[in-house]
Amino acid sequence: MSLKEKSVLPGFGLAFGYTVFALSLVVLVPLSALVLRSTELGLSGFIEVVRHPRVLASFRVTFLSALAAALANVVLGVTVAWFLVRGRFPLKRLVDALVDLPFALPTAVSGIALTALFAPNGALGHALGKLGIQVAFTATGITVAMIFIGLPFVIRSVQPALADLGKELEEASHSLGASRFQTLLRVVFPLLAPSVLSGFTLAFARALGEYGSVVFIAGNMPMKTEIASLLIITKLEQFDYAGATAIAVALLGLSLLFILLINAFQAWTAKYLGNG
Amino acid sequence: MNDTKATTGFWSNAALTAAALLIVGVLIVLPLLVVLQQAFAEGAAAWLASVAEPDARAAVWLTLGVTAAVVPLNTAFGLAAAWAIAKFRFKGRSLLLSLVDLPFAVSPVIAGLVFILVFGRHGWLGNWLDAHNLRVVFAVPGILLATLFVTFPFVARELIPLMAEQGSEEEQAALSLGATGWQTFVKVTLPNIKWGLLYGVILCNARAMGEFGAVSVVSGHIRGETNTLPLHVEVLYNEYSFTAAFACASILAGLAIVTLVLKTVVEIKGEQAADNGGEA
Chain A
1 MSLKEKSVLP GFGLAFGYTV FALSLVVLVP LSALVLRSTE LGLSGFIEVV RHPRVLASFR
61 VTFLSALAAA LANVVLGVTV AWFLVRGRFP LKRLVDALVD LPFALPTAVS GIALTALFAP
121 NGALGHALGK LGIQVAFTAT GITVAMIFIG LPFVIRSVQP ALADLGKELE EASHSLGASR
181 FQTLLRVVFP LLAPSVLSGF TLAFARALGE YGSVVFIAGN MPMKTEIASL LIITKLEQFD
241 YAGATAIAVA LLGLSLLFIL LINAFQAWTA KYLGNG
Chain B
1 MNDTKATTGF WSNAALTAAA LLIVGVLIVL PLLVVLQQAF AEGAAAWLAS VAEPDARAAV
61 WLTLGVTAAV VPLNTAFGLA AAWAIAKFRF KGRSLLLSLV DLPFAVSPVI AGLVFILVFG
121 RHGWLGNWLD AHNLRVVFAV PGILLATLFV TFPFVARELI PLMAEQGSEE EQAALSLGAT
181 GWQTFVKVTL PNIKWGLLYG VILCNARAMG EFGAVSVVSG HIRGETNTLP LHVEVLYNEY
241 SFTAAFACAS ILAGLAIVTL VLKTVVEIKG EQAADNGGEA
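Respectively, the protein sequence lines represent chains A and B. All the letters of the first sequence, read from the start, carry residue numbers 1 to 276 under this note's numbering. All the letters of the second sequence, read from the start, carry residue numbers 1 to 280 under this note's numbering.
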């Protein structure tokens, strides 16, 4: 069995060679440094670093905030996606373009903007403060920032799926006597579930590693509002390369594990709930 | 009868619109407005002073320079990768595809960390670089590499599905009519992918100009030398020069808006081209 199917098109060698070369130089070699340097500590050293209360606390804060943000993004994102596909509004295209702002805006700018907005003297922070809710410099603030950067992922995942769905299935369901609610629950949501899950995973993964948008609003108190990516930087500034590397590998490992779990779950649901 | 239960009625539409506009308004528009409000809080003259300040201008030039270097490199890579992956079938194709996407899965801070591990003082090449009096980390080359890493897949990700979808019939036809490989690529492939290519370049460009986390780790924050514009914003903010920080941030916000506009234009043109059967 040959390694490559025969093809008339030229240029494979050149293109493939350059691709692998650039990939190795820019991506693979640096990433391998991460893996190899982390083994310098040895397994016990690695566990020692990761078991430290401050590190565990940062993981807890990061994971829980990212989870809450991704869940909120599912609700908010599906609403906006539904509007973009099925809603009727004159400036819909404008709203559609705006949805990508969190992608286009540098994270530092998002970070200081959200902080200014939700700080006690900010437009929203002041109003929420009157209701007794403090957002900036708390875990809530971290979650809000993560919602901001994750929202486009859910919207852009669900939008094409919803557009592809068309109305025929819903109309068929209604013609067979189902109520609107029943149709939503039993026809639409199961069909949208894969794209929603995909958006959720992307938003969650992004939130786990996010730095710029979160670090300004977070308050960064160790054990309470310190996120994992900030802890990595703190260790680097103390020249604790080994510690920083260990935390980075742990973070990467946990993220990849989570993503694999979700992908497996998705494959399982696709198999047992069927695609139509 | 067009008005079935699946068509949203007037009140449902109104509620949906209101909810969506509220979400987008609060989460996306308000932060943008806050940037502008804070930037001009002390008037236009103060804004101008902040933006024209030497360190700010150095930051702008560095950002532009890094972007001008990184975008063409990643575009060349994207074209090569898309050609190899989309037009040919070979063993390891899926693996290559996943590897190209790898920088997306990595947190920006970790992306910066890996370059410190390779090029930093205690990194793999640390001693060699020291011996030759070269600096990568805490200098511009480090910023270039970190930015290159995080924006690596953008063009490739746009082109690969596009070129795969377009297949290779047109290229084969050109070859059978006597065109060389390069002629085929330039005169047949490129025009077909131009909107996807442009879209990828716009995204790559936006990310390169705005990258913060990865560059923050490798730059050393040396004022006037190794601060890109996003880093300069951070420096100003951390020393409580809020208005100056937001003034510089407003430039970046303006660039983001331009990116969104260009993106939308390219999307519309691309849709038109698809509707016309590939002729724009």
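Hints in this document: simulated from the structure, not taken from any laboratory. Computed from a predicted structure; not experimentally measured. Yeah, the Cβ is synthetic: ideal placement off N, Cα and C, and Gly gets one too. Please note that a few of the clues may not be correct.
[Stated by the list, open to error] No more than 30 Å apart at the CA atoms, straight line, and that leaves these computed lysine-lysine pairs for DSSO-like:
| id | chain 1 | residue 1 | chain 2 | residue 2 |
| --- | --- | --- | --- | --- |
| 1 | B | K187 | B | K263 |
| 2 | B | K194 | A | K6 |
| 3 | B | K269 | A | K167 |
| 4 | A | K167 | B | K263 |
[As the list claims (entries may be wrong)] Incomplete in silico selection of chain B near chain A, CB under 7 Å:
| id | residue |
| --- | --- |
| 5 | L30 |
| 6 | W83 |
| 7 | L99 |
| 8 | T264 |
Status of each hint after checking the structure:
Distance hint between B/K187 and B/K263 is fulfilled; the C-alpha atoms sit about 24 Å from each other, no more than 30 Å. The suggested pairing of B/K194 with A/K6 holds, with an alpha-carbon distance near 27 Å, which does not exceed 30 Å. As the CA atoms of B/K269 and A/K167 are separated by approximately 27 Å, the hinted pair is consistent with the 30 Å bound. This hinted pair checks out: A/K167 and B/K263 have alpha carbons roughly 29 Å apart, not beyond 30 Å.
Among the interface hints, the one on B/L30 holds; its C-beta lies about 6 Å from the nearest C-beta in chain A, closer than the 7 Å criterion. A hinted interface residue such as B/W83 counts as satisfied when its beta carbon comes closer than 7 Å to some beta carbon of chain A; here the least separation is about 4 Å, so the hint holds. Using the Cβ-Cβ criterion of 7 Å, the hint placing B/L99 at the interface with chain A is satisfied: the shortest such distance is roughly 6 Å. With its C-beta approaching chain A no nearer than about 5 Å, B/T264 sits inside the 7 Å limit, and its interface hint holds.
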